[in-house]
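Trainee: Chains G and A are the protein sequences, given in the same order.
Sequential numbering from 1 applies to the first sequence in this note's numbering.
Sequential numbering from 1 applies to the second sequence in this note's numbering.
Bear in mind the hints are in silico, worked out from the structure with no lab data behind them.
The hints are all genuine.
A short, non-exhaustive set of chain A residues, derived as facing chain G with CB atoms under 10 Å:
(1) Arg30
(2) Leu47
(3) Gly115
(4) Arg271
(5) Leu275
(6) Val276
(7) Asn307
Heads up, the beta-carbon is just placed ideally off N, CA and C, and yes, glycines get one too.
Protein chains: 2
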Amino acid sequence: MMPLPSFDDVLAAAARIAPHAHVTPVLRSRALDALAGCELHFKAEPLQRAGAFKFRGACNAVWALTEAQARHGVVTHSSGNHGAALALASRTRGIACHVVVPEGAVASKLAAIAGYGAVLHRCASTIAERERACAQLQRDTGATLVHPYADARVIAGQGTAALELLNETGPLDALVAPVGGGGLVSGCAIAAARLAPGCRVHAAEPAGADDTARSLAAGERRVDFVPDTICDGLRGSLGEPNFRLLQAHGVEVTVVDDEATVAAMRLLWQRLKLLVEPSSAIALAAVLARRDRFAGQRVGVVLSGGNVDLDALPWSPA
Amino acid sequence: MMPLPSFDDVLAAAARIAPHAHVTPVLRSRALDALAGCELHFKAEPLQRAGAFKFRGACNAVWALTEAQARHGVVTHSSGNHGAALALASRTRGIACHVVVPEGAVASKLAAIAGYGAVLHRCASTIAERERACAQLQRDTGATLVHPYADARVIAGQGTAALELLNETGPLDALVAPVGGGGLVSGCAIAAARLAPGCRVHAAEPAGADDTARSLAAGERRVDFVPDTICDGLRGSLGEPNFRLLQAHGVEVTVVDDEATVAAMRLLWQRLKLLVEPSSAIALAAVLARRDRFAGQRVGVVLSGGNVDLDALPWSPA
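With the hints as extra help, turn the sequences into a complete structure.
Mentor: Structure below.
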């Protein structure tokens, strides 16, 4: 099994990405506080480079490569944000980047990946097909695989989002982040455990891809499902190291349906003036769905990304 | 004629609003810099309280009232952002606020005004009707008129946006802001003249409400027009003190059609992840329309507000 990253790895990641990544602002809204009945501190990762927290993990992975590794570039599979992040991170180091993209990915995300200079390789949308295509590219090019979430360097990098948030807000009662493969929430759990020991970590998961909730309930990974959710960034299945970290840190999962996520997305656009994607808005939806659990508390919410296809908004004009 | 505000008035406004207003961030985008061929520094007023720079001027006016004046509250007419700003500013001081709103105003903006506790008074959309309704309310209630832009306290307050921007960026070669009644751009011109004497100030104006361009060309106010533009915040006519300030500071006007404004709005949403309204996006559209004028320069762009009606977006889904 892969060794799990530690808090020291998160600190090392923070130092490694500092020359390249933004320290994103923490936003507040009195109106949303009133609505939620608690004090919300939003970590604004849509303002991260390439528009999502994914740049943190990708950048850490790229700059952790040895010179010999770096010469052969990197490869990954991604429905969007990780691909764009790895493409941009590779550009910061001047190395090649190959991205395997599944059929049906969001057009604006593919354009971003190509725009950052990566080579796109299309494949069928099954996980088996993506992994096969990645393995073939590794063999052909000698590139290093940077998995979107089941990778210790990536997890440590994502944890820097919580590191920055807690450094700015001080101790929080709870921290909420979306879960797809689990890179973000597992990294954040590592940071929170050290910086705010009493802080509960919550994962917000779409009802149409609730493998994390089922896995934690069963005590073993349950990744046999066909995702059906508007949250295109959360359709992946929970990674193995991510599962172990969520178990170890007692992360709670709240399952949210797409309707609540879309309503939360509108609220965030209207109130924070921040373009968040559905896969981010789900974190606020989880808080609003469980007002009792968070009442009166200081709650950190990681808004993970803002890469929205403006031609396919999930609501009808009035 | 109304005495014009000075740089000292802008400084006094900054001190007066500091306990209530946000110091908004300055955002950058490498992609937009590349597209524009210059270095863009975006002052992010959608992140201001009530979602627009208007809170600055309204807050300065409300807190400049004497106790005796404040007891009778304030009154204004506004198609939206100024009304919401004055309502919220009044709430910070605990005084009454009356807002005369014209037929056809954006629904989400009216909801915001009411949500901040102001009393709405509807009237026909002509300027004469609005002014008549305001005058009647002043007589009935003793409230002080806080005009949306032809008011020295309001102009000085709006100037704090440029004060903060220039304090953060240092001297700029140019500063671009939208112009409707001229409160923002005239206040910014006052601040820029002192803090960055070589800095040219540009006003971006919709082709369907180009009274500022025509007034400056004619050397006298030309406010006889029926506005026809998507920029609902820029449909007012240039104020008299605003006209004098724009003349005095040699402000240049760039006229922009709505199509270019909508394209710029999409770019800002996609690249800055900031929900800007058309009346803000026009400032970037002006820069893109005159690439030669700004080539290689350091340019400040005031993104004035983010109050968009999400049910009435100005583009068709793909």
